[in-house]
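Trainee: Sequence:
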Amino acid sequence: MNPAMNPAVKELYFDEVEVGARGVSPSRTVTAADIDTFADLTGDHTPVHTDEAYARTTPFGTRVAHGLLGLSLADGLKSRSDLRFVPGMSLGWTWDFTGPIKINDTVQVRFHVASARLSRSRAGWGILVLPAEMRNQHGEVVQRGEHRLMIPCRPGFAPAAAGDAP
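All residue numbers for the sequence shown refer to the working numbering, where the first residue is 1 and numbers rise by one.
A portion of the hints provided could be inaccurate.
[Unchecked claim] Distance ranges between label pairs, derived from CB positions:
| # | residue 1 | residue 2 | range |
| --- | --- | --- | --- |
| 1 | F157 | V9 | 18 to 26 Å |
| 2 | A114 | A158 | 21 to 29 Å |
| 3 | S79 | A114 | 13 to 21 Å |
Derived from the structure by calculation, the hints contain no laboratory data.
The C-beta atom is built at its ideal place from N, Cα and C for all residues, glycine as well.
Take these sequences, add in the hints, and give me the full structure.
Mentor: Written out as structure tokens, the structure is:
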């Protein structure tokens, strides 16, 4: 599956991003095939993910997605949201798995720009902190956390010097 990006959504450079801006992703339904493919890709065939008979004996009562599958989906969904950034570098995630993602759950990601600062180590780049939540079709938060992302400034962008501020 390779859903088309909405060309009407502009990718923002760092200096175009406003703190407080919010993004909402499209929804995606997680299938048994998604879980099986992720298990094959990663080699993580833990039975709660891959064996329905076993999973029925667990507190979940059914197969559930790998936590890292959820995080991977969150990143992909975020990149298809209505708030997009010029490609940059992920600096890391702090992420919690707060509930199960079950087969046929439909998930969506909501996030916002909590902070933005120029990089101290890479001129012409800025760092965004993006808290996010992944919710299922019942509105339950199944994963949440924070993404730290470094993206470029517009070519030729020159930040105002401290003495230039009014």
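Trainee: All hints are to be evaluated individually against the structure, with a verdict given for each.
Mentor: Hint check:
Under the hint 18 to 26 Å, the C-beta atoms of F157 and V9, about 21 Å apart, fit the expected range. For A114 paired with A158, a C-beta distance near 25 Å keeps the hint of 21 to 29 Å intact. Between S79 and A114 the beta carbons are some 18 Å apart, a value that agrees with the proposed interval 13 to 21 Å.
Consistency note: the structure conflicts with none of the earlier hints.
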